[in-house]
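J.: For reference, the chains in residue letters:
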Amino acid sequence: MTKSNQTPQELYYLMVQTRTLDRVIGAHDGHWHGLEGEEATIAGIYHGLQKGDVIAPHYRGAVSAALAKGADLKTLMAGCLGRSTAYHKGRHRSDICGPPELGLIGLYAGSLGPPLGYAAGAALAAKLDGRDDIALGVFGDGTSSRGDCHEAMNMAAVLRLPMVFVCQNNQIAISTELSAGVAGSITARGASFGMPSAEVDGNDVIAVKNAMDEATARARRGDGPSLIECKSYRVAGHFYSDAEDYRDREEIERWRAKEPIARFRAYLIAEGIQTEEDLDRIDAALTEEVDTAFKMALEDPVPEAALLAPDDVYAEARP
Amino acid sequence: MTKSNQTPQELYYLMVQTRTLDRVIGAHDGHWHGLEGEEATIAGIYHGLQKGDVIAPHYRGAVSAALAKGADLKTLMAGCLGRSTAYHKGRHRSDICGPPELGLIGLYAGSLGPPLGYAAGAALAAKLDGRDDIALGVFGDGTSSRGDCHEAMNMAAVLRLPMVFVCQNNQIAISTELSAGVAGSITARGASFGMPSAEVDGNDVIAVKNAMDEATARARRGDGPSLIECKSYRVAGHFYSDAEDYRDREEIERWRAKEPIARFRAYLIAEGIQTEEDLDRIDAALTEEVDTAFKMALEDPVPEAALLAPDDVYAEARP
Amino acid sequence: MTRMTFQQATVAAIADEMRADRDVFVMGEDIGRFGGPLRSNAGLFEEFGAEGRVIDTPISEGTFVGVGVGAAMYGKRPVVDLMFLEFLALVMQQFLDAGAMHYYSGGTQRVPLVVRAKFGVGPFHGHAYDHHSWLMNMPGVKIVAPSNPDDAYALMRAAIRDDNPVLFLEHMALYHAGKAEVDDDTPLSLGKASIAREGTDLSIYASALMTKRALAAAKVLAEDGISAEVVDLRTISPLDEATILTSARKTGRALVLSEAIGRGSSSNDVAALLAEQAFGDLKAPIRRLAPPNIPTPFARELEREYLPSEDRIVSAAKDLMG
Amino acid sequence: MTRMTFQQATVAAIADEMRADRDVFVMGEDIGRFGGPLRSNAGLFEEFGAEGRVIDTPISEGTFVGVGVGAAMYGKRPVVDLMFLEFLALVMQQFLDAGAMHYYSGGTQRVPLVVRAKFGVGPFHGHAYDHHSWLMNMPGVKIVAPSNPDDAYALMRAAIRDDNPVLFLEHMALYHAGKAEVDDDTPLSLGKASIAREGTDLSIYASALMTKRALAAAKVLAEDGISAEVVDLRTISPLDEATILTSARKTGRALVLSEAIGRGSSSNDVAALLAEQAFGDLKAPIRRLAPPNIPTPFARELEREYLPSEDRIVSAAKDLMG
Ligand SMILES: Cc1ncc(C[n+]2csc(CCOP(=O)(O)OP(=O)(O)O)c2C)c(N)n1
Ligand SMILES: Cc1ncc(C[n+]2csc(CCOP(=O)(O)OP(=O)(O)O)c2C)c(N)n1
Ligand SMILES: [Mg+2]
Ligand SMILES: [Mg+2]
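Protein chains in written order, with my numbering: chain A, 1 to 319; chain B, 320 to 638; chain C, 639 to 960; chain D, 961 to 1282.
Honestly, the hints are just simulated from the structure, not real lab data.
Keep in mind that the hints are not guaranteed to be accurate.
Stated by the list, open to error - Derived, one-sided and incomplete: chain C residues facing chain D with beta-carbon distance under 10 Å:
{"id": "1", "residue": "Leu877"}
{"id": "2", "residue": "Gly902"}
{"id": "3", "residue": "Leu920"}
Note that beta-carbon positions come from the ideal geometry of N, C-alpha and C, so glycine has one too.
The task is simple: from the sequences and hints, build the whole structure.
T.: Spelled out as structure tokens, the structure:
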């Protein structure tokens, strides 16, 4: 993957798409995990992957990851709503679990951490097949404390798997501040497994993108895994209906002021890459697109309980 | 614990005791996990702890850990043989599981890794009680790849627990060489959790002991956990009946030549701390002591199957 | 006597034990200032936080339950919040080890540990998985699943006082579902089922939400002249075999409910026990009612259909009456 | 037709599948040059090692089984060696996720994964724990437990060809316990019990070592004029309900064996099924035989007493005959 001329626009698009769907779904569902403040990190991580690449996304940002891999917006939204038209037919949640046929590894039984191992397995499959596909394992700062994270990094390094680990460090896990969850440094952990590891400003989409490009190229070349820690901040609540009485309002406002979309917008305009009007047009188009998709999904049928076929739990032998 | 004048002799005693019981048990039980080559590491780690300290020892060396905490040699041997006179009455294995009443946390259901968390719990108990007791969590290089190891280090660092982590790095796990099990460096992992971490020569009992003294003092002061990596070599097979066709004979012989007891003996004599005769006397006394204990244990009764009381699985309410 | 919700009763029991015994402390993710999801630890931080007895942990389930095990081994009585039963798979080794300790130590080691877990199809969409049955086949572990606030209070106190590792189940559909009288003098002990309703025609075996549904079904059945006895297991492991058998011997018919999927459910132990030891008194085949053998589905419509409903309990009971 | 031990048959099945399908590979601790404890992967490294299809891993059970899950999701057919079933507690989440994938993905995801595990009281002292019952209550997972070399061969091939996560159990007391004919043309499929011995007076349900003991007991019973039918479950999850029921309906008596402790054992599913669906045909209570509810003891004398023995099977069968 070389960076196309389109990259800045595409990044902007992904960032605004993330923000737009966040607002639309969040307004409807108080349990939706907000994305505000992390749009640059999310767009920078998931932009520009190739078809055979596999992602175990962090749950916060999983819908954007699926969209970046070509999933259909309306179908994903139907999945958030539990409609029968969803990729998973209403059986699961597309907010935390994207379509595997597009290379998405989700939270199947709900536990954070183990998907990093599944991503390592996808990387091993690519390596055994001699493909230049890679796997991304993305995790939050809180999730970094799961032993799975350590095991997967060590495994990927020992087996020299084509993999990139990314920590979406928003400095909090539900109500637990970074310092109460994570001792030392996540970047240092990556380095302790002997892999190239770097911290980047997660509010700077270009910085995230550049670090990703380097790490993915390295993985595709067969030179093994790397870690990127994207330092950002969860401006959003843990979920939309979070009362957030455990946090300092001022700190949130300080970070809100640094918000990544305005920053990137300013950059695109200042550098003459896009005009304000272009960007406004993208914004408007996305609002329209997401609203429409959501409305359509809302009207989709709910699954018929009678069709709840327990036989589907086992895959039948292929004919 | 300040180092007493007796320390060198006591260290020597523990090393030779370890070697002696290794030979005696190993000759009897092909499944015994040999200790040859690691006597300095083992003695250096377990010497000089206080009564309330708790140890989750690495399984290779667990009998020495129990002895260092005051367990009775004959009773432990009866435990290796499954006799009813054992601490555990023949129900379990004292080669991997010492008496908890003396502060030993063993491998209860056999999995390496989780005892590090139990040790952290013992450390938390000491901290909550305001005691200056500490907990040791000891693990092999192979075991360092278990997520438990990462989780326990992070937990201990975040909660600032009075704990010392020690890696008994003998550069192999069954047949898996260090480089195929461990990417990067174990010492660096400790450091990545923000704790003081140091590698020492595991064949140099004084170096191990000094590092331990520093780390335990730090923990007792309430300044939190540290990691010590003792680099040594498993001269022994994985267990006594190991055919070892996976290893280079020459490498083993190279390490056998560096064996820690001869080295420490030479040091003690050269420094005038002990005479050769003194040391010979210790050796002979230990041979006698271990042989006698083992013979007595062998004659102890086997558990009566009829007494296998399933009711004992639950602790009854205390009166 | 106070009126409390299930959630309040559970937290009150913990607080009372914390006041009575300085060795009791609580630990888990987001249980401090935040108070835990669904207010599962509400108020504890305010009262006991300054003493360091309310401990927020990193996301390391195996290890924080392990810390509970280790602290319990050396003098404390930890009450660890797993958040959701969904995460039981991550702490199996810790239960396995803890359950083995008393036996394997030759009887010297005690592990007075309580692990709390919210579960169940209910208002909190998702996180519903009922995995408790795995622990049935694990020596030395106890499982408790109250069906109402009064039992929640008494059983939580009993669990904290018990010297064995206990999994304490908190059903999310019962959690804030109205207040009931809580008697803080109830004598405390684990291992006793209760006859939640007496009856003569058939015995319905249940726990947690299934008990509530069984009681509702029993009312409907009574209108049709069928007298159902509802046995609330309360302690699922070990089972109160005497109470279970006595009821079936009396009524001659057994309907066994499960919120966990049928295959491998703890309810099969109840059925097998009856088939072995009450066989001669049974007038009809044992009947089991459980969700299909699939993971808990997400869509509300599917989720609803998934669990044994009051209606299905009624109709299974009628079938059983022949 | 060749004569092989259980261990040889298992490895031969894997090697045959590796030859037939390049997507099959093996993975685990010490399975490369070392060949695995008890020679569980003997010869595979020599034949397939150079192709990178025999992968030694660090001691990270959750993650190496997880790597198996991920590789299976994306085109491979991994055969992962867990070494001992003792470590099942460490990989529960991986089974749980893998078992849910086909259903939760809406039917698009397949997870053709085999996880092998040695277990059982036997010559290899220690590592005996039989934890498989936990996976009964886990949707989408299959469990296979052969009792002889021929079945081991056929079921291993079937497990590798199956598109679902399978736990494949290898009993250490059967592993090197003599050779038997192995028919490499046996049609392959999971989910079928076999009638290991026909009989008319009672049905004995068993798997793995318990099948061997049941067959030995049946011989003794025959001398006393009692005709025991032995049903070898082979696939423990899902159960072959039809074969199980047919046998009990024919003989009218059921004895259910378990190597796992009785409480929460998968054998209770068999008992519950019979109590529900063959009740009318049963002439006597269902009888269960299992170890006591304690962890597997260490001393040889205790270990021996722990398991249902041939003698105890005989005497339980005689009891059942009244
Ligand atoms: C293993 C596990 N433990 C706990 C949870 C419950 N949980 C859901 S989100 C969350 C916080 C995760 O924190 P982080 O990884 O920092 O992600 P963020 O929410 O900040 O994006 C927790 C604890 C879970 N899903 N899985
Ligand atoms: C979780 C777990 N996995 C695998 C095993 C089997 N096993 C026993 S010893 C051993 C090697 C351990 O290596 P290391 O930690 O380096 O210790 P060493 O044997 O070298 O002293 C293994 C894999 C185990 N007991 N527990
Ligand atoms: Mg976070
Ligand atoms: Mg080692």
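J.: Does the nearest C-beta of chain D fall within a distance shorter than 10 Å of the C-beta of Gly902 of chain C?
T.: OK, holds: Gly902 of chain C within 10 Å of chain D, min 3 Å.
J.: Holds or violated: Leu877 of chain C as interface residue toward chain D, Cβ cutoff 10 Å?
T.: 8 Å, holds
J.: Given Leu920 of chain C as an interface hint, is its Cβ closer than 10 Å to any Cβ of chain D?
T.: 7 Å, holds
Hint violations for this structure: none, all hints satisfied.
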